[in-house]
Amino acid sequence: MSLKDKLHVIKQRYAGTKMAPAFNALHTFLYTPNEVTHNGTHVKAVDDLKRTMNTVIIALVPCLIFGMYNAGYQHYLAQGAIDKASGFLGASFWTIDNLIIGAWTILPLVVVSYGVGLAVEFLFAIIKGHEVEEGYLVTGMLVPLIVPVDIPLWMLAVAVIFGVVIGKEVFGGTGMNILNPALTIRAFLFFAYPTWMSGDKVWVHGAVERDQMIAAGATNLDAMSGETILGAYAQNKTLAYDYWDMFWGIIPGSVGETSKFLIIIGALFLIFTKIGSWRIIVSTLIGALAMGLVFNAVVDAGIISDTSKFYGLMSVPFWQHLIIGSILFGAVYMATDPVSAAQTNKGKWIYGFLIGFISIMIRVFNPAYPEGVFLAILLMNVFAPTIDHYVVQGNVKQRMKRLKVKTA
Amino acid sequence: MSKDIRIKKGLDIKLVGAAQKELKNAAAGQFYTIRPEDFHSIIPKLVAREGTKVKAGETLFYNKSIEAMKFVAPVSGEVVEVVRGPRRRVDAIRILADSAQEAINHGAFNLSGASPGDLKAHLLASGCWPFIKQRPYDVVADPAKEPKAIFISAYATAPLAADLDFTLAGKEAELQAAVTALGMLTTGKVHIGVGKNANSPLSNLSGVEKHLVSGPHPSGNVGTLINKIDPINKGETVWTVAAQDLVIIGELLLTGVFNPERTVALAGSAVSSPRYFKTKIGAPLSTFIYDDGVEKGANHRIISGNVLSGKQVGEEGVLDFYSNVVTAIPEGDDYEFFGWNKPVFDKISSSRALTFSWLQPKKKYDLDTNTNGEHRAFVVTGIYEDVFPLDMYPMQLLKACMYNDLDEMEALGMYEVAPEDFALTEFICVSKQPHQSIIRTGLDLMLKEIG
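Heads up: the sequence lines are chains P and Z, in that order. Note that the first sequence ends on residue 782 in this note's numbering; no numbers are left out. Note that the second sequence ends on residue 460 in this note's numbering; no numbers are left out.
The reader is advised that the hints may include incorrect statements.
[As the list claims (entries may be wrong)] Only pairs whose alpha carbons sit at most 35 Å apart, straight line, appear in this in silico DSBU-like list of lysine-lysine:
1) 237/Z / 775/P
2) 502/P / 378/P
3) 780/P / 305/Z
4) 778/P / 457/Z
5) 243/Z / 775/P
6) 380/P / 320/Z
7) 351/Z / 502/P
8) 17/Z / 720/P
9) 778/P / 305/Z
10) 380/P / 305/Z
11) 408/Z / 30/Z
12) 502/P / 457/Z
13) 243/Z / 780/P
14) 180/Z / 371/Z
15) 775/P / 287/Z
16) 205/Z / 780/P
17) 775/P / 457/Z
18) 778/P / 17/Z
19) 778/P / 198/Z
20) 771/P / 371/Z
21) 351/Z / 392/P
22) 305/Z / 385/P
23) 778/P / 243/Z
24) 780/P / 371/Z
25) 198/Z / 30/Z
26) 129/Z / 780/P
27) 219/Z / 775/P
28) 778/P / 205/Z
29) 351/Z / 380/P
30) 408/Z / 502/P
31) 373/Z / 351/Z
32) 243/Z / 720/P
33) 378/P / 320/Z
Keep in mind the hints are simulated off the structure, nothing from the lab. Predicted model only: the values in this text are computed from it and were never measured.
All chains should be built: construct the whole structure from the sequences, respecting the hints.
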């Protein structure tokens, strides 16, 4: 008997039992089911949710691989062991040593994220009696990319459990959530373990550990530092990096969000395959640029002088906001989550614009943590139904006006 | 006022097995069947019980709510079986056809001398009324309600649809009689949508408002025509008649006989030689599907109607009351290894996620009945709007039907739609939701609660 037939037999055996969703999840991972259409259309297009999710994962893989190399590179650079890479193809960046460090630190994050997240999903599916749904395939890939590289694995596991349960399952599973699950996980980490999510040390592998060793008494070690671009601006310091470094991504930051170049390639792929909404991506970037222009105007008008603590971030040229921090990553991968975003095409423009606008605003004004993208997206997730409501009301009013004109 | 309609949103599903323009007479069948389920929301009151001998055109049952609305036999013969379902619901009436057919003759109807009331009574009594359907609710028209207009779509864009220019060729006299009669039943106009590049037998009828329609499916749906020309508001009614049914109405008016003959296309990739057959409503499909057609007992699906909105009937099934096409496609009841991961070249897709149907827009596909994925909640947004040319929000309307919010359904335009308008959104649905079924249930709820 072939594998297909053997699995078919096992599926019949599990059908109707409690463990059926667990088996079916694994079975449908290997084989698209043999279900045929009943009432309604007799033929269906080939797109299904798994294919959609798979496309997003493909778009994220370059960021993951780059993140691994970057983790190793930042670690050795902070230790002084290697020279700064000269550009995207810099020799000191794409080395095996960098990759080994990166894989060793990041692959466990991926394993924990998927393992714990899918375990929670399987548990809920078995308890509630519905199939395991594909929402977590993308969330599980996003989560390792938006956390600091040295985050303790237990912390990540707790956050994933929180995010999947509160962010998704409690509302009814895939398709029913109000908040973006990956950002719920990130928000949990941010509010529950703030010292681990901010500062100069957490963005470079080994820096926190080095500090602990120095505090414990080791005298021959230098402190490592991995200040991010935003961190430097927030403290009105001068930057150690130039624009090209920021664009290629050879800077400290969360695991996957540094390389704007690869994010743009991912965005083009998502737009081409019609999986990611171009309206949301474009409007988010426009919103961010708009806020940047407002801040630049404020500085130019002299309202904020160079003695103000906001001067550093407000005077950032408006276009530069797009290549620093996680606004580009957020715009392409987080804001475009179809379930938590606005669902009407007109609504998507407003939703994206406000995300970009508010992100930069929070970035500049947030005293403790110079980034605001995930907070802005979560805020707009809550308001997305309101935006849709007013857009749909426009259509309803048009219909009622047509009736009034008729009866007038 | 005549308006040209260009539809931009939609999707042409090109399938293998389009019917060749050859006509053959189907063999005379032994048993003919009428199924009351074809007439949605009608509760039948049986007149012809088992053992009754009927002539063609004689009443089999009538509408319980409207006694004057008769449903008649397509052939003469003896009613051998009344198939009943749960709670003695009449599911099918089977007639053993006589070798020599006899029909009831009402006499030719004088259109110029008659009043609309007489015409209505004639159509109701002769069994032709069920051809007239109404919007809202997409059910058989209520003769008591005045429609503001009557719409006919003579442009067939559904996949493997019968070519109306071929099937209705030579029937101009009957078509003209029918549309003249319909014109008498409304104070508004009779609108006909014909294909822009076609030479339709309906192009040159008088007393109608002709509109040239172009664009992908669903430009041929009568719902699209209504929405673009004279949308239905709350409280208004519109009647629709299919082009092929006009011929039967016209023939009744001209000759006095209810002649349920249809030219039906046998199409689909499971058919060896797809072509047209002359047969009757209620005819057993076995009289023509095997003739250089489908293989008996093979793993295929026989559909009375088209692949988007038709009814699965099987080889032992009959031609239903409204369809003019029978489609046969292979069943897709097999697993696909990593079906969601691999690049796909032989299926239609609305995205470009490792699918390549966008590269060959004119290619004909051999689609099977596999769902290509599992049923999920609505996730992806913005795709239904690409194939839905009506000025409504399709996903919001579907959701309103699912949680039975009548006010919201009304506000979003439920009065204008029929399930077939959602066939394309169901086709491309990533979550494999049953859109047409959701809309049908929603319409039934509105019919019950609002009436």
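How the hints compare with the structure:
1. A distance of roughly 16 Å separates the Cα atoms of residue 237/Z and residue 775/P; the hinted pair therefore holds under the 35 Å criterion.
2. Simply put, residue 502/P and residue 378/P have alpha-carbon atoms about 28 Å apart, close enough for the 35 Å limit, and the pair holds.
3. The straight-line distance between the Cα atoms of residue 780/P and residue 305/Z is roughly 56 Å, outside the 35 Å bound, and the hint therefore fails.
4. At most 35 Å may separate the alpha-carbon atoms for a hinted pair to count; residue 778/P and residue 457/Z meet this at roughly 26 Å.
5. Only pairs whose Cα atoms come within 35 Å are accepted, and residue 243/Z paired with residue 775/P is accepted, the gap being roughly 11 Å.
6. Among the hinted pairs, residue 380/P with residue 320/Z is consistent with the structure: their alpha-carbon atoms are about 33 Å apart, no more than 35 Å.
7. At most 35 Å may separate the alpha-carbon atoms for a hinted pair to count; residue 351/Z and residue 502/P meet this at roughly 31 Å.
8. Among the hinted pairs, residue 17/Z with residue 720/P is consistent with the structure: their alpha-carbon atoms are about 19 Å apart, no more than 35 Å.
9. Only pairs whose Cα atoms come within 35 Å are accepted, and residue 778/P paired with residue 305/Z is rejected, the gap being roughly 58 Å.
10. Annotation: proposed proximity of residue 380/P to residue 305/Z holds, straight-line Cα distance about 30 Å (limit 35 Å).
11. The straight-line distance between the Cα atoms of residue 408/Z and residue 30/Z is roughly 42 Å, outside the 35 Å bound, and the hint therefore fails.
12. Between residue 502/P and residue 457/Z, the direct Cα distance comes to roughly 33 Å. Compliance with the 35 Å bound is thereby established for this hinted pair.
13. Between the alpha carbons of residue 243/Z and residue 780/P the distance comes to roughly 10 Å, so the proposed pair stays at or under 35 Å and holds.
14. For the given pair, residue 180/Z sits about 32 Å from residue 371/Z by alpha-carbon distance, which is consistent with the 35 Å threshold.
15. For the suggested pair residue 775/P and residue 287/Z, the alpha carbons sit about 48 Å apart, so the restraint of at most 35 Å is broken.
16. For the given pair, residue 205/Z sits about 30 Å from residue 780/P by alpha-carbon distance, which is consistent with the 35 Å threshold.
17. Simply put, residue 775/P and residue 457/Z have alpha-carbon atoms about 26 Å apart, close enough for the 35 Å limit, and the pair holds.
18. Restraint check for residue 778/P and residue 17/Z: satisfied, since their Cα atoms lie roughly 28 Å apart, inside the 35 Å limit.
19. Straight-line distance between C-alpha atoms of residue 778/P and residue 198/Z comes to about 21 Å, which keeps the hinted pair within the 35 Å bound.
20. Simply put, residue 771/P and residue 371/Z have alpha-carbon atoms about 40 Å apart, too far for the 35 Å limit, and the pair is violated.
21. Restraint check: the Cα-Cα separation between residue 351/Z and residue 392/P comes to about 31 Å, which is no more than 35 Å; the hinted pair holds.
22. With a C-alpha separation of about 30 Å, the suggested pair residue 305/Z and residue 385/P falls inside the 35 Å cut-off, and the hint holds.
23. With a C-alpha separation of about 10 Å, the suggested pair residue 778/P and residue 243/Z falls inside the 35 Å cut-off, and the hint holds.
24. Taking the CA atoms of residue 780/P and residue 371/Z, the gap is about 42 Å. The hint is violated against a cut of 35 Å.
25. Among the hinted pairs, residue 198/Z with residue 30/Z is consistent with the structure: their alpha-carbon atoms are about 33 Å apart, no more than 35 Å.
26. A distance of roughly 27 Å separates the Cα atoms of residue 129/Z and residue 780/P; the hinted pair therefore holds under the 35 Å criterion.
27. A distance of roughly 27 Å separates the Cα atoms of residue 219/Z and residue 775/P; the hinted pair therefore holds under the 35 Å criterion.
28. Between residue 778/P and residue 205/Z, the direct Cα distance comes to roughly 33 Å. Compliance with the 35 Å bound is thereby established for this hinted pair.
29. In summary, the hint linking residue 351/Z to residue 380/P is supported, as the alpha carbons are separated by about 22 Å, within the 35 Å threshold.
30. For the suggested pair residue 408/Z and residue 502/P, the alpha carbons sit about 22 Å apart, so the restraint of at most 35 Å is met.
31. In summary, the hint linking residue 373/Z to residue 351/Z is supported, as the alpha carbons are separated by about 21 Å, within the 35 Å threshold.
32. Of the supplied pair hints, the one linking residue 243/Z and residue 720/P holds, its CA atoms being roughly 26 Å apart against a limit of 35 Å.
33. Annotation: proposed proximity of residue 378/P to residue 320/Z holds, straight-line Cα distance about 31 Å (limit 35 Å).
Of the numbered hints given earlier, the model fails hints 3, 9, 11, 15, 20, 24; all others are met.
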